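**Q** Chain by chain, the residues:
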Amino acid sequence: MVEVGRRRSGVSRGLVVAVGRTVPWRVVGVGAVVGLLVVWLPRLLGGTPDAWLGLNLLRAAALVFALGLAFLLDDPARRLTTPVPTRRWARTGLRVALVTPVAAVWWTAALLLVPAQSRPPVGPVTLEAGATAALALAAACVVVRFTEEPEPGASVAAGLLTFALLAPALIPSRWDLFVPVGDPAWAAAHVRWAAVLTAAVVTAVLCAPEPVRSLRSLRAAS
Amino acid sequence: MTTTVTASGLGLRYGGTRALDDVSLRLTPGVTGLLGPNGAGKTTLLRVLATAVPADRGSFTVLGHDPGTSRGRHQVRRSLGYLPQTPGLHPDFSAFEFVDYVAILKELTDRTARHREVRRVLEEVDLGDVRGRRIKKLSGGMRQRVALAAALVGDPGFLVLDEPTVGLDPEQRMRFRELIAGAGEGRTVLLSTHQTEDVAMLCHRVLVMARGRILFAGTPAELTARAAGRVWSSTERAPGAKAGWRTGTGSFRNVGDPPADAELLEPTLEDGYLLTLDDVSAEAAA
Numbered sequence: 000m001v002e003v004g005r006r007r008s009g010v011s012r013g014l015v016v017a018v019g020r021t022v023p024w025r026v027v028g029v030g031a032v033v034g035l036l037v038v039w040l041p042r043l044l045g046g047t048p049d050a051w052l053g054l055n056l057l058r059a060a061a062l063v064f065a066l067g068l069a070f071l072l073d074d075p076a077r078r079l080t081t082p083v084p085t086r087r088w089a090r091t092g093l094r095v096a097l098v099t100p101v102a103a104v105w106w107t108a109a110l111l112l113v114p115a116q117s118r119p120p121v122g123p124v125t126l127e128a129g130a131t132a133a134l135a136l137a138a139a140c141v142v143v144r145f146t147e148e149p150e151p152g153a154s155v156a157a158g159l160l161t162f163a164l165l166a167p168a169l170i171p172s173r174w175d176l177f178v179p180v181g182d183p184a185w186a187a188a189h190v191r192w193a194a195v196l197t198a199a200v201v202t203a204v205l206c207a208p209e210p211v212r213s214l215r216s217l218r219a220a221s
Numbered sequence: 000m001t002t003t004v005t006a007s008g009l010g011l012r013y014g015g016t017r018a019l020d021d022v023s024l025r026l027t028p029g030v031t032g033l034l035g036p037n038g039a040g041k042t043t044l045l046r047v048l049a050t051a052v053p054a055d056r057g058s059f060t061v062l063g064h065d066p067g068t069s070r071g072r073h074q075v076r077r078s079l080g081y082l083p084q085t086p087g088l089h090p091d092f093s094a095f096e097f098v099d100y101v102a103i104l105k106e107l108t109d110r111t112a113r114h115r116e117v118r119r120v121l122e123e124v125d126l127g128d129v130r131g132r133r134i135k136k137l138s139g140g141m142r143q144r145v146a147l148a149a150a151l152v153g154d155p156g157f158l159v160l161d162e163p164t165v166g167l168d169p170e171q172r173m174r175f176r177e178l179i180a181g182a183g184e185g186r187t188v189l190l191s192t193h194q195t196e197d198v199a200m201l202c203h204r205v206l207v208m209a210r211g212r213i214l215f216a217g218t219p220a221e222l223t224a225r226a227a228g229r230v231w232s233s234t235e236r237a238p239g240a241k242a243g244w245r246t247g248t249g250s251f252r253n254v255g256d257p258p259a260d261a262e263l264l265e266p267t268l269e270d271g272y273l274l275t276l277d278d279v280s281a282e283a284a285a
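Order-wise, the sequence lines are chains A and B. Position 29, counted from 1, in the first sequence is what numbering that gives the first Met the number 0 calls 28; the numbers after and before it change by one each time, with no gaps. Position 33, counted from 1, in the second sequence is what numbering that gives the first Met the number 0 calls 32; the numbers after and before it change by one each time, with no gaps.
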């Protein structure tokens, strides 16, 4: 076996560059551009959005960007690279880490495209966008963890879009997430958004590692 | 001969299906063929041994490492080359970039040594001249060789190949056989295939699987010998034959229990394989 230059390392520069090249930047980029166009649309049409429209345009943009993020874990070579020493959580974590600064810059641009007078409170709406993105990533992590699908993006995006379209109708009003600015339920809704974000992050983290439990039981049986 | 891979009592269920049923085996350096019908559990066994999926029961070691521990699994993966049935490659990468990517995942972190190793394996699979070409522009056979190069990078001691010659034309298959034979020199190769010719030409040992169980383990000659005295020629399809087909000469080649006056033929590995599967089916039916 080749041992020259081989060492056990967490994250090397080479790994960052290599994983960075496998990120589906094209589809993430399409989500980002279309998302910005959604927010920019009223200006393109020569109008100025009011507060309600500003909020919902940002929500729509966040959803479109999240649809792109649903493809983040797509890896055509997944079957070939499953049994490699570099752990899956490291590769997944790197992909998320690489796309996070891009997402932050993109969201800042989206916010700035909404005129200040019609821009919703930045903190709460950022929480909504973060939770939407985290939901997309968590769903992709779940599919990767429990199936052998190398490219779950399309099915995850379809599921997320369906959920987003049906959620306002299906979620009981006392648990409503899509509340207008100034509504008495605004604060409570954002507590729920925080819960969604937490649940999504916890799910993604739990699904990122490999199924070690079964390997432990394998050892116990031996 | 040194045993490099041992497995004992491996079991795995997918829902109600028993994909692996108490599988025990020992592998030694050289190419071992794994034959079996569709759904026999070949791919599942390969995936378990490659640590791509955990078994429900049993244990195994690869080159002395136990994948039941995190450290052991890491060591197994450092000693492993795995070519799945449908490998999947990043189409926009060049052949060099893709194998280099896999080499990085295999923790070959020294750039100079890694690039030297990537060039070596691409030369080994005869892709040195097209290493800069994008994978999407390569033929199916070339892509399969890129995947083999990715499995070979890092010079693994245990190579797991799942039907690597499927979909290749006869010339490409012959080329792949040469590569696998070369890969089997000094390392342990487990080759799953439907092609009995591949086994006859490449393997020093053969395993036959069906219904998640190992039915036969031995040399290709021993498998062939199972059909000795059970292959015969006739002018019409023999009614008692387990299998029979008209050959190019117009006569029938029959496999099974021959009549007393039968004109016996020299058995092949395929005859031994068919009879091994058939004997087990008969036992199960009884």
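Please keep in mind that the hints were generated in silico from the structure rather than gathered at the bench. Here the structure is a predicted model, which means the values were calculated and not measured. Keep in mind that the hints are not guaranteed to be accurate.
[To be verified] FRET-style restraints, in silico, Cβ to Cβ:
1. A:A198 <-> B:P90: 30 to 40 Å
2. B:S7 <-> A:A103: 49 to 59 Å
3. A:A157 <-> B:G8: 54 to 64 Å
4. A:R12 <-> B:S7: 52 to 62 Å
5. A:A103 <-> B:D21: 52 to 62 Å
6. A:V141 <-> B:R70: 52 to 62 Å
7. A:G46 <-> B:P90: 41 to 51 Å
[Unchecked claim] If you want the footprint, here are the derived chain A segments under chain B, 3+ residues with CB under 8 Å:
8. 83 to 94
9. 184 to 197
The C-beta atom is built at its ideal place from N, Cα and C for all residues, glycine as well.
**Q** Which of the listed hints are broken here?
**A** Of the numbered hints, 3, 4, 6, 9 do not hold.
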